[in-house]
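Number of protein chains: 2
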Amino acid sequence: MITQVINVNEILKQALLFDFYGELLTDHQKEIYGQFLLEDLSLGEIARDAGISRQGVHDIVKRCEQALAGYEEKLHLVEKFMTVKNKVKQIDELLDEYEKERREDILSGIRILSGEIIEEL
Amino acid sequence: MITQVINVNEILKQALLFDFYGELLTDHQKEIYGQFLLEDLSLGEIARDAGISRQGVHDIVKRCEQALAGYEEKLHLVEKFMTVKNKVKQIDELLDEYEKERREDILSGIRILSGEIIEEL
Chain A
4 MITQVINVNE ILKQALLFDF YGELLTDHQK EIYGQFLLED LSLGEIARDA
54 GISRQGVHDI VKRCEQALAG YEEKLHLVEK FMTVKNKVKQ IDELLDEYEK
104 ERREDILSGI RILSGEIIEE L
Chain B
4 MITQVINVNE ILKQALLFDF YGELLTDHQK EIYGQFLLED LSLGEIARDA
54 GISRQGVHDI VKRCEQALAG YEEKLHLVEK FMTVKNKVKQ IDELLDEYEK
104 ERREDILSGI RILSGEIIEE L
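So the protein lines, in turn, are chains A and B.
In terms of my numbering, the first sequence opens at residue 4 and continues consecutively.
In terms of my numbering, the second sequence opens at residue 4 and continues consecutively.
Some hints here could point you the wrong way.
In this list, chains with the same sequence are indistinguishable; a pair is considered to hold if it fits within one copy or across any two.
Unchecked claim - Under the rule of at most 30 Å between Cα atoms (straight-line distance), these lysine-lysine pairs were calculated in the DSSO-like manner:
(1) LYS65 - LYS88
(2) LYS92 - LYS65
(3) LYS65 - LYS33
(4) LYS65 - LYS90
(5) LYS83 - LYS16
(6) LYS92 - LYS16
(7) LYS77 - LYS92
(8) LYS16 - LYS33
(9) LYS88 - LYS77
(10) LYS65 - LYS77
(11) LYS65 - LYS16
(12) LYS77 - LYS33
The set of hints was computed from the structure by calculation and includes no laboratory data.
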């Protein structure tokens, strides 16, 4: 169960990195790694489609994972976007609370969050 | 006057690109281009400090500008951040309006913007 959660998080993380930095990969890398990551094809299936060895696909996948992780290590833009997205979700949650009590607290909460996001960007 | 505005916007744009993608430049490029862009030193001053020719500094600056523009052309992350930042500023402006009339309109406006931002990210 824990393993499954870790795997799911890992896949989501890889998909985010691919979404942010994928255009910095070569077209060939993008095609192979995209099939592996998004189309959930096995290394063997991808190898057959691409006419390369299973090991070749494996090497490309590893190289892409390293390249994308390297871009995030340098730029931290996925991390930055996730921080902002989380704050905006908190704004939405505060709006959901609006019909309840302490309306002014909620509005000042939104104000604080929006200010933090502007600082972040 | 128009020329000045264009120049200011151009400098801001270059500073944003450098802020987002600068870590993808080499240390040498970062140092030279950073001095040119952020410390407002002349090519001659930078050349003397770095012990290279004025032309060498000029070439590095041009190469950095092209590299950073190339990253934005592929990733569009500065554009994305600016869109989000603009929407959050609109949320702040709506909060400023709150004390006036049509409070529910303002809250639904914030809701729409925060939803758009979550879609964006």
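Against the structure, the hints come out as follows:
1. Taking CA atoms no more than 30 Å apart as the test, LYS65 paired with LYS88 passes inside one copy only; the shortest distance there is 29 Å, against 35 Å between copies.
2. Taking the closest pair of Cα atoms, LYS92 and LYS65 never come within 30 Å of each other, the shortest separation being 33 Å inside a single copy and 41 Å across copies.
3. Within a single copy, LYS65 and LYS33 get their C-alpha atoms as close as 12 Å, and across copies as close as 29 Å, so both meet the 30 Å cut-off.
4. For the identical chains of this complex, LYS65 and LYS90 are neighbours neither inside a copy (33 Å) nor across copies (38 Å), given an alpha-carbon limit of 30 Å.
5. In this assembly of identical chains, the alpha carbons of LYS83 and LYS16 lie at most 30 Å apart whether taken from the same copy (14 Å) or from different copies (19 Å).
6. Both within a single protomer and between protomers do LYS92 and LYS16 lie at most 30 Å apart by alpha-carbon distance, with minima of 19 Å and 29 Å respectively.
7. Within a single copy, LYS77 and LYS92 get their C-alpha atoms as close as 26 Å, and across copies as close as 28 Å, so both meet the 30 Å cut-off.
8. In this homomeric assembly, LYS16 and LYS33 come within 30 Å of each other (Cα to Cα) both inside a single copy, at 16 Å, and across copies, at 29 Å.
9. In this assembly of identical chains, the alpha carbons of LYS88 and LYS77 lie at most 30 Å apart whether taken from the same copy (20 Å) or from different copies (22 Å).
10. In the homo-oligomer, the alpha carbons of LYS65 and LYS77 lie at most 30 Å apart both inside one protomer (18 Å) and across protomers (22 Å), since each shortest distance falls under that limit.
11. When the C-alpha separation of LYS65 and LYS16 is checked against a cutoff of 30 Å, the pair qualifies only within one copy, where the shortest distance is 15 Å, while the shortest distance between copies is 35 Å.
12. Taking identical chains as interchangeable, the C-alpha atoms of LYS77 and LYS33 lie at most 30 Å apart whether they share a chain (20 Å) or sit on different chains (13 Å).
The structure is inconsistent with the numbered hints 2, 4, although it conforms to all the rest.
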